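Student: Next come the chains, spelled out residue by residue.
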Amino acid sequence: MSLHDAIRLTEILLGFAFTLQSIEHLKSFSNERFLFMPRLILAVLLIIGFHTAWVVFLLFLLSLAILNRFQGPYNGGADRMGLLILCCLCLVHLAPTLRWQEIAFGYLAIQLVLSYFISGWVKVVNPEWRNGLALNDVFMFSAYPVSESLREWAKSPDVLFYVSWAVILFELVFPLALLSPTSLTIALGIAAAFHFSNACFFGLNRFFWVWISAYPAIIWFQFRFFTAG
Amino acid sequence: MLHTLKLLLPAIVPSWRFFDFIAPSPRIQFALLNGVDEAPHEWHEFRPRPAHLSFRQMLGRMIWNPRWNESLFLVSCAERLMEFPTQHSEDEILKRIMAELKSHSLATNVMTATHLQFRLLVIKRQDSQLQHSVTFHSRVQPLSGQKLE
Numbered sequence: 001m002s003l004h005d006a007i008r009l010t011e012i013l014l015g016f017a018f019t020l021q022s023i024e025h026l027k028s029f030s031n032e033r034f035l036f037m038p039r040l041i042l043a044v045l046l047i048i049g050f051h052t053a054w055v056v057f058l059l060f061l062l063s064l065a066i067l068n069r070f071q072g073p074y075n076g077g078a079d080r081m082g083l084l085i086l087c088c089l090c091l092v093h094l095a096p097t098l099r100w101q102e103i104a105f106g107y108l109a110i111q112l113v114l115s116y117f118i119s120g121w122v123k124v125v126n127p128e129w130r131n132g133l134a135l136n137d138v139f140m141f142s143a144y145p146v147s148e149s150l151r152e153w154a155k156s157p158d159v160l161f162y163v164s165w166a167v168i169l170f171e172l173v174f175p176l177a178l179l180s181p182t183s184l185t186i187a188l189g190i191a192a193a194f195h196f197s198n199a200c201f202f203g204l205n206r207f208f209w210v211w212i213s214a215y216p217a218i219i220w221f222q223f224r225f226f227t228a229g
Numbered sequence: 230m231l232h233t234l235k236l237l238l239p240a241i242v243p244s245w246r247f248f249d250f251i252a253p254s255p256r257i258q259f260a261l262l263n264g265v266d267e268a269p270h271e272w273h274e275f276r277p278r279p280a281h282l283s284f285r286q287m288l289g290r291m292i293w294n295p296r297w298n299e300s301l302f303l304v305s306c307a308e309r310l311m312e313f314p315t316q317h318s319e320d321e322i323l324k325r326i327m328a329e330l331k332s333h334s335l336a337t338n339v340m341t342a343t344h345l346q347f348r349l350l351v352i353k354r355q356d357s358q359l360q361h362s363v364t365f366h367s368r369v370q371p372l373s374g375q376k377l378e
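Sequence order for the protein chains is Z and S. Residue 202 in my numbering sits at position 202 of the first sequence, with consecutive numbering throughout. Residue 243 in my numbering sits at position 14 of the second sequence, with consecutive numbering throughout.
The set of hints was computed from the structure by calculation and includes no laboratory data. If you're wondering where the values come from, they're calculated on a predicted model, not measured in any experiment. Here a beta-carbon is modelled for each residue, glycine too, at the ideal position from N, C-alpha and C. A few of these clues could be false.
Quick list of in silico lysine-lysine cross-link-like pairs, DSS-like style, CA-CA up to 25 Å [claimed, not checked]: (1) Lys331(S) / Lys27(Z); (2) Lys155(Z) / Lys331(S); (3) Lys27(Z) / Lys353(S).
Sample of chain Z residues with no beta-carbon within 12 Å of chain S, all distances over it, derived [what the hints assert, rightly or not]: (4) Leu9; (5) Thr97; (6) Trp100; (7) Ala134; (8) Val159; (9) Pro181; (10) Gly189.
Based on the provided sequences and hints, a complete structural model is requested.
Tutor: Shown next as structure tokens:
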């Protein structure tokens, strides 16, 4: 995938993610509609590719206003990833040379790798993750399970032990996926399935759409630095 | 401006420490009062989760999930209140409870209370037992006359 194609695909996917997010606020309070109606319009413009450099810059400014409105991200890590992608796209459009464009977009790819690897690392050094108790706590009393019936999983500690280790190992070995296009394709498929299950079990649908928006960056990065040489 | 940049920095240089440990989990409970001085005696959980969600409903929430995403924002506000109480977090929770009560009372026309208060009930595991403790009480908020935007 060429740099240009990867950037354009990221813009389309991010525009779609922002469109879904923005529509959710249109029935909310007036001071939220005031921020999310323009965001919706800009997101659609980003999808269709209308003056993308300006649209990305305006979306970034609007995101700062939204950050200020909620005194932080509205939906934690998902909003932060959206902002990171926007920042990188802004820098790509501001970059004076191809080299600087690659550095800005490569930063996004590296952060995507780190998002999995560091998440795995902080779990593997925690004994409660290693013995499955942490995931048990998520199902037993955290605010995330979307229904009471999902809390029943806390009664299956053996299953949660193996699921914990599956998540930890996948996150830790994710950087190795960069070694070949095939391994990256498989890893991104598993990662997307992981985000999908988090969306189903914990209602984290925004993570799913925002994270896959960054996938073109890592696909380009793998081709540029590991396959093309 | 400096404050906004402080909020932006964790997005540009993220820590990515998702679920590194499972923190005590807050629940928002509210009480309806008939006067500013009335002591709350019945607390209701705000937006209790449904008993069951079908896979089809979960799929639908992949693209349309405003109520749950707002609830996640309120969890963030509750966590902020536990760490460093701010007027902003308290206002956000109060106004969203009020909005929900308003839509409910319009539908059922049964609301007679004049004031509202919420509290945070924190749940954590101590050894193998779950412990519940109340960590925060909001101010008593009139249900009409004052608009929180």
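Student: Each hint should be assessed against the structure and marked as holding or not.
Tutor: So, going through the hints one by one against the coordinates:
no.	hint	in the structure
1	Lys331(S) / Lys27(Z)	holds, 14 Å
2	Lys155(Z) / Lys331(S)	violated, 38 Å
3	Lys27(Z) / Lys353(S)	violated, 34 Å
4	Leu9	holds, 19 Å
5	Thr97	holds, 22 Å
6	Trp100	holds, 17 Å
7	Ala134	violated, 5 Å
8	Val159	holds, 17 Å
9	Pro181	holds, 25 Å
10	Gly189	holds, 17 Å
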